[in-house]
Amino acid sequence: MRRFARAGAALAGLLLLGGTAAAAFGQFETIQVLRNGFTLRVNGQAVQADNFLLNDRAYVRLADVAAALGMTASWDGATRTVDVVPRRAGIRLTVPVDPWNPVVDLTSLGVRAADVEAVGLETAGEPYVSRRFSFVWDDLVIADEASVASGRPVLDLNTEYTLKLFTRGGGVVRARFTTAGLPDLTSTGERRIILVPAMPERGFHWPYFLVLPGDAHRQENAGHRRYLVVDINNTGPDSSITETITRTRAQVEQRELVSLKLAEELWSPLLMPVIPRPVITYRSGGEENTFLTHALDRDVATLHLKMQDPELARLLERQFSQAGYAVESFTHLDQQVVAMIEHAVGYLNQYGHDVEEQVFLVGFSASGTFLDRLAALHPEKVKALVSGATLDNMLLPLAEYGGEKLIYPIGVADYEAVAGHPFDLAAHNRVARLIYMGEDDQNNTVLYRDSYGDEERRIITKLWGQAVLPRARALTTLYGEAGGQGIFILDRGVGHDYSEAMYAYMKAFLEANRDSDAPVYPLPADWEQLRFTVFAGSQR
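When we follow the working numbering, the leftmost residue of the sequence shown carries the number 299, and every step to the right adds one.
Among these hints, one or two may not hold up.
Below 27 Å or equal to it, Euclidean Cα-Cα: the simulated DSSO-like pairs (lysine-lysine) are [stated by the list, open to error]: (1) Lys559 to Lys679; (2) Lys760 to Lys703; (3) Lys559 to Lys805; (4) Lys805 to Lys679; (5) Lys604 to Lys703.
No lab work stands behind these hints, which were simulated from the structure alone.
All chains should be built: construct the whole structure from the sequences, respecting the hints.
Given below as structure tokens:
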């Protein structure tokens, strides 16, 4: 009410300045005036309006003064009455507002920044949308640091909002607008990086980067089926989603990952999720465990099962909350990546990229481990898998061995509890599978507490020992004995890396499988460098 009273006093002052309060009705006079002889300012802003001076008194149209004060003036000819009331205008913006960087030009609403006393924002389902507002000249900037930090846009995509501007004159301007959706993915011939926000309603709680390749290799890949390449971010322990986004963006911008190189040369789009890696260690059943989200370890893959235990659920909720996360956002992480894939395929094909429903999975080290496990859990989504530095920890298509149940992620003893459906060896073998590592790789995952829990480590050490190379060879042999298919390569003289010959074979492997209806296993040309073992029905 104070705002409206103050506005009324200001208007009265301007009317007195005109000097017409006591004039009689119905009298015509001839007068001489000085046109536009002064400058009218309201709240320090000049008002563009015709005016004149008469006998050193200033006159201006009442409608112009009212508009400058955020009010409207109307004339009733029958009663010869002017009504001045606070403005309550309703306006619709015709151009969608960018949800990542929402800015509204106030002059398009007939308002100046200096006229605005308060701002509000609402949607159909939310009467008060909490955002920060600031002015840059006459632009209203809408911001939300929490949204940006979590990888979400400031405003929801494809959503109608109502902006409420309360003016110093007591008026209210209501401007309705709709936010834009995701960026247009029409090919430009240039490499592009797009951050797609988290969409819990579509099944994923974390954002993902989508990389569109440039046209340098387009012609040489013409006429072949096109696949989305998927890798997992391997950005190390992070303290926040903001840090994870920054590190993941750096990965896709630098183009050093094998997945990015292959995607570019195959003229394939690439998807990389932005999955945080909080440091969560907990003790349960006398065993201490640490989550490793970037490898889809047992703790992550069985999180939905752990949350069925009320006491353990309370412990994990507290641990994740202390790390700044909601535990629910990490459950079914494999299904979340599948949901990202489905969204990305639809998004790309909406703009004519013509990618297949299945994908190429390409990863190295922790991301290679994640993708090996993802392919085992969701074989129907995968055309081909290239997993590097993982021969010593690949998931076996085997439930029991040496008197031990091979639990996830060693084998498939409890596959149904983890995946929600029984293991299907035939479906597993429909994925073209390439798993390799450097013959001299000493990156021993068994030694790391975040890679395996105590029980998993006990089983692995008992059956195959702790040495990397002997374990890799033993697992390769068991893979074939269990009926699993694939090609398994030791890259001679290489540590935690890959040789040029290995890279050339990775590319040849994906090229051989992109147009085939069943897995194809071309034999490496450089068999001295690439010591391979192949279990398959189709070879070249």
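Hint check results:
no.: 1; hint: Lys559 to Lys679; verdict: holds, 22 Å
no.: 2; hint: Lys760 to Lys703; verdict: holds, 12 Å
no.: 3; hint: Lys559 to Lys805; verdict: holds, 10 Å
no.: 4; hint: Lys805 to Lys679; verdict: holds, 20 Å
no.: 5; hint: Lys604 to Lys703; verdict: holds, 20 Å
Violated hints are absent here; each numbered hint is respected by the structure.
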